[in-house]
Each structure stands twice: as structure tokens, then as C-alpha cells.
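Just so you know, the protein sequences line up as chains C and Z, in that order.
What the first sequence shows, in numbering that gives the first Met the number 0, is residues 0 to 267, in sequence order.
What the second sequence shows, in numbering that gives the first Met the number 0, is residues 0 to 280, in sequence order.
Possibly wrong hints are sitting among the right ones.
What the hints assert, rightly or not - In silico BS3-like pairs for lysine-lysine, Cα to Cα no more than 30 angstroms straight-line: (1) Z/Lys176 x C/Lys231; (2) Z/Lys176 x C/Lys229; (3) Z/Lys22 x C/Lys124.
No lab work stands behind these hints, which were simulated from the structure alone.
The structure presented is a predicted model; accordingly, all values stated were derived computationally and were not measured.
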Amino acid sequence: MTAAALSANGSSPASTRGEVSIRDLSKSFRIAGRDFPVIRNLNVAIGAGESLVIVGASGSGKTTLLRILAGLETADAGDVRVSGRQVSGVGAERAMIFQEPRLLPWVNVLGNVAFGLELRQGARKVPRREAEAQARHYLSLVGLTDFADAFPRQLSGGMAQRVGIARALAVQPEILLLDEPFGALDAMTRITMQNELTRIWHEEQVTMVLVTHDLEEAVYLADRVLVLPKEKHRAPRLLDIDLPRPRDRSSPAFTRYREALLQEFGLH
Amino acid sequence: MSVQDVNSTVVALNGEEETGGQKPLQSLLEGAGRFLSRYGLLIGFLLLWHVASIQRWVNPSVFPPLDDIAAAFWRGMTQGSLLADLGISLQRSGIAFVAAVAVAVPLGLFMGQIRAVERALDPILQLFRQTSALALYPVFILLLGLGELSKVFVIFWATIFPLLLSTIGGVKEVDPKLVEMARVYGASRLQVFRRVVLPGALPSIFVGLRLSATMALLMLIASEMIGANQGLGFQVMNAQFNFQIPLMFSAIFLLAALGLAANYTIVLLQRRLCRWSNAPV
Ligand SMILES: Nc1ncnc2c1ncn2[C@@H]1O[C@H](COP(=O)(O)OP(=O)(O)OP(=O)(O)O)[C@@H](O)[C@H]1O
Ligand SMILES: [Mg+2]
Numbered sequence: 000m001t002a003a004a005l006s007a008n009g010s011s012p013a014s015t016r017g018e019v020s021i022r023d024l025s026k027s028f029r030i031a032g033r034d035f036p037v038i039r040n041l042n043v044a045i046g047a048g049e050s051l052v053i054v055g056a057s058g059s060g061k062t063t064l065l066r067i068l069a070g071l072e073t074a075d076a077g078d079v080r081v082s083g084r085q086v087s088g089v090g091a092e093r094a095m096i097f098q099e100p101r102l103l104p105w106v107n108v109l110g111n112v113a114f115g116l117e118l119r120q121g122a123r124k125v126p127r128r129e130a131e132a133q134a135r136h137y138l139s140l141v142g143l144t145d146f147a148d149a150f151p152r153q154l155s156g157g158m159a160q161r162v163g164i165a166r167a168l169a170v171q172p173e174i175l176l177l178d179e180p181f182g183a184l185d186a187m188t189r190i191t192m193q194n195e196l197t198r199i200w201h202e203e204q205v206t207m208v209l210v211t212h213d214l215e216e217a218v219y220l221a222d223r224v225l226v227l228p229k230e231k232h233r234a235p236r237l238l239d240i241d242l243p244r245p246r247d248r249s250s251p252a253f254t255r256y257r258e259a260l261l262q263e264f265g266l267h
Numbered sequence: 000m001s002v003q004d005v006n007s008t009v010v011a012l013n014g015e016e017e018t019g020g021q022k023p024l025q026s027l028l029e030g031a032g033r034f035l036s037r038y039g040l041l042i043g044f045l046l047l048w049h050v051a052s053i054q055r056w057v058n059p060s061v062f063p064p065l066d067d068i069a070a071a072f073w074r075g076m077t078q079g080s081l082l083a084d085l086g087i088s089l090q091r092s093g094i095a096f097v098a099a100v101a102v103a104v105p106l107g108l109f110m111g112q113i114r115a116v117e118r119a120l121d122p123i124l125q126l127f128r129q130t131s132a133l134a135l136y137p138v139f140i141l142l143l144g145l146g147e148l149s150k151v152f153v154i155f156w157a158t159i160f161p162l163l164l165s166t167i168g169g170v171k172e173v174d175p176k177l178v179e180m181a182r183v184y185g186a187s188r189l190q191v192f193r194r195v196v197l198p199g200a201l202p203s204i205f206v207g208l209r210l211s212a213t214m215a216l217l218m219l220i221a222s223e224m225i226g227a228n229q230g231l232g233f234q235v236m237n238a239q240f241n242f243q244i245p246l247m248f249s250a251i252f253l254l255a256a257l258g259l260a261a262n263y264t265i266v267l268l269q270r271r272l273c274r275w276s277n278a279p280v
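Construct all of the structure, not just a fragment, from the sequences and the given hints.
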């Protein structure tokens, strides 16, 4: 109650930094004159520093949910708050990583990582030197220090995606939104990236909401998994992944969680 | 170091098959090979011209030998009016081209971004574009007189459309996913324009610049042939009329050089501004 009152004033108490609350969220799209519900009455609370992974069949609304959180899409009804503030439009405390790296081809790797910082104006303006130093820091965090001067077309898919992650981290967001970030990568690179993301997430203590089709990835990365049903009459389900980190992909407990997720889709 | 290099070059030229001497010879041969593969055909063509003219395989009064042309060129530049013609032609096409760039690029950037503006202006643009500027030249003469203004304007008119359409196309082809990415990072409209739209449209703008430069020269020559008493286009016609064929070819070669120089300048500028697109992979 007090928290709601406080956030209505626009201030955000320190205790809610990085928290996400989604209440009674609904969204439908109008296609060819008909309304198609995509999200119906969703209620989820994500703790600060938590890793929530969203899985669901194609068209179940995963990307839509992420885009609402990013402020790229507006909800029809409901209340979405990040760090206690109501989401309306994009905001600096939320960074989104898309399925494609979306790097600027005309800017070198360092410039791409510094992009978010360079955009800041007025009182939040970051001096050029500082932006570059911070960009270098995050570039080293994703292991690409040597490629600072390369152009995006000179990178492999995995490297480009890492630059995208560094760019998102460089603005030091409270919450990181990732839409199938490793979907286009080969299996081996994907595992490397998952390990790296876990490490970075741990180091930066950032809240993470990640969409994936890969159930192993979900079990490996998630504190909790949100399963979105394709049939809108069924309720979304939440699954706690109670495994110690670093996680062992071949452990029996890991496998059991994967099978539990398969079961959620009626595939087991 | 440099002394050694010189030595080994000498050795190589002497035909010694030493390991140290092979490299410079090889690079020399490679350089010559590259030069020949690029300009060999051109040199061959000029040689053929010259020989054909001297040997009278062709009528030398229509295709004079190259030294005649060179002499006429020198005389035209030093004593005749060729230099003045070059100056006035450069002025006409230069003013028209700069004006076209100054109008077309901002207008294209604006039109490409605002759907409604582009939709409203597109039909009239297409109509103007399809109407040959040469067909409109008499109208421009009626309106602006037979002086400089009508010539500059007809060049401007023909030059503006390729550039305008390329610029609009470039803006429309900018990846909306990049625009969305910039928005997520809090970019203002102006920042989206400066950091995403403008650089994204730049390669297309350069395509337009090259098309426009070609068009500007074409219209320059046409307008000078129709109603002028100065300029390279006029000189081509005039020399032909007076049967000063070497002078005619001098003016033609000057026009060709003008086109090459314009194109080269634009390519150079493009290499500088679009370095990212030709970075080695
Ligand atoms: N901009 C839009 N306009 C109209 N309909 C849309 C739009 N965006 C999404 N939809 C619809 O919303 C539904 C959910 O789309 P969404 O992209 O969120 O699915 P998803 O779960 O991310 O699927 P995938 O796993 O294939 O990426 C789809 O049926 C899609 O047709
Ligand atoms: Mg999706």
C-alpha cells in the first residue's frame, strides 16, 4: 500500500530497485478487424536480481510481454511497474537485447557499446572519455577487448551478440530484457554464452527476464520459469528451479526439471 | 634497409635468381600486371586510334592522330578559348550541382521520414522526373531568357531528381529494427536521425550523387549545344562546324575528363565517409 502510494509520486524506494510487478496485464492485437487476445490477466512479481525465464509455444505472447516491459508496446489493461515506477514508454533503467544483435554497422565495436551512454543529454550527459572507459570495461566483461576497433560486419554471430549484451550492460540497467538472445547461435557457442551470461548476471546483480525456446537453457539460467500457455483459457504457470549454481547440465536433478518443463507442454 | 632494397632490385633486374632478389622483381611484375589489367585496354584503344589514323585505315580528318589532338589541345588552352570554355562549363554545372545537392538531400531526408509528405509529393515527383528536362528547356528559356540562368536551371532540374529519389529510398530502407534499438536506449527524434537514419541512408545518397553528377554533365553539354556561345559543349559543336576536328576532340576529351574527375571525387568522399562498409572482413 505504501509502496504503491510512493511510486504514484514517481519516487522509487531503494528497496524496490530492480523489482518488477505485473498485475492483471492484458493485451490483444487487432488483426483483420478481429481482436486476438495475446496476454490475459497475467500476474507475476519478479524479485530484484532474480532471473525469470519465459517459455511458451510460438505465438504465446513472449515477445509481446517483453516489449511491454521495455515500453515498446502498451498494455490494454493492467499495471506494470519496474523498480516501483509505472512503465510508460522506454526508460533508461530497462535495457532490451533482441534476437538479432542490432549493432550499428557504421560504428566500431567500442562505439556500439558506448551508444546508450552517448545518447544521454542534459544533466545525465556522460563525458566522452567516461563513456569510452565504461564501454571498454563492459567490452572486457564479454571478452572482446581486442575487437574494440573492429566493425560489426567483421564479427561472428556470437561475437556480435556479445557486443549487444555489453551495450545493454554499459547503461547499467536495473533490468535486462532478453528475447531469444542466443536463438541464432550454434549449440556450442550457445552454451558458452549461457555460462557467460550467468557470470555477468551474477556480477552485475541485475534482474533478468529472458525468453527462450530452449528448455535446457531455461533450466540452466532461471531462478523461476514462467510457462505461457498457447490456449488463452489456461493460466500461465510458474516453476521454481531449485538448483545450486553453477549448474550441472548432466545432473539427474537438472534432467528432472527439463522433463517437468516438457510435461508443461504435454510433450512427455 | 633501403640500401639493401635498392641493391636487391638491381640484382633482380639483372636477372639473378637469388631469393633476396626475387621479391622486388615479383612485386614489380605484379604491379605492372595490375596496371596493365586495369589500363591495358584503354592504352590499346588509344594506340589503335593513333596507328589507324596514321596508316589511314580510317579517315584522319575525322579521326586525327593523337599528337594533332594534343597540339590542338595545347593551343586551345594557351591561345584559344578552351580554358575559358572549361571555366564557364565548370561554373554552370558546378552551381547547378551544388544547388541540386543543397535542395535534394535535405528534402529527401525529410520526405523519406514522413510518410504523408512522401505520399503526397510522390505522384508529382514521378511526373516531373518522367518529363525530360530537355523537353522543358524551351520553357525555361521562355521564362528565364537565353542567358546563364536558363542553362543552370535546366541542369539543376535534371540533376535534382536522381538525388532526391535516391535519398528518399535510402531513408526508407533504413532498418526499422535499428531505429527501435535506438529508441530503447532513449534516443530522441533528432538523435535517431543523426545516429541511425543519416548514416544508414548515406550509401544511397552517394549512389544518387554519382547519378546526378553524370546527369549534370549530360545536361551541361546538351544545353551548351542548343543555345550558347561559350562552354565545352558549344566548343564541340563549333569546332565541328568549322571543321577543326582536333579541337573538337580536345573539347570532347576535356568533357570526359570532367566526368571522370567528378566521379572520382565522389568515390573518394564515399570511401572516407562510409569506411565501415569496406572494412576488410
Ligand atoms: N504488432 C503486432 N500486430 C499484430 N499482431 C501482433 C503484433 N505483435 C504480435 N502480434 C501477435 O501476437 C501474438 C503473439 O506474438 P509474440 O511475438 O508475442 O509471440 P511469441 O511468443 O514471441 O512467439 P515466437 O516464439 O514465435 O517468437 C501472435 O499471434 C502475433 O500474431
Ligand atoms: Mg518472439
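Checked hints:
no.	hint	result
1	Z/Lys176 x C/Lys231	29 angstroms, holds
2	Z/Lys176 x C/Lys229	26 angstroms, holds
3	Z/Lys22 x C/Lys124	55 angstroms, violated
Consistency note: the structure conflicts with earlier hint 3 alone.
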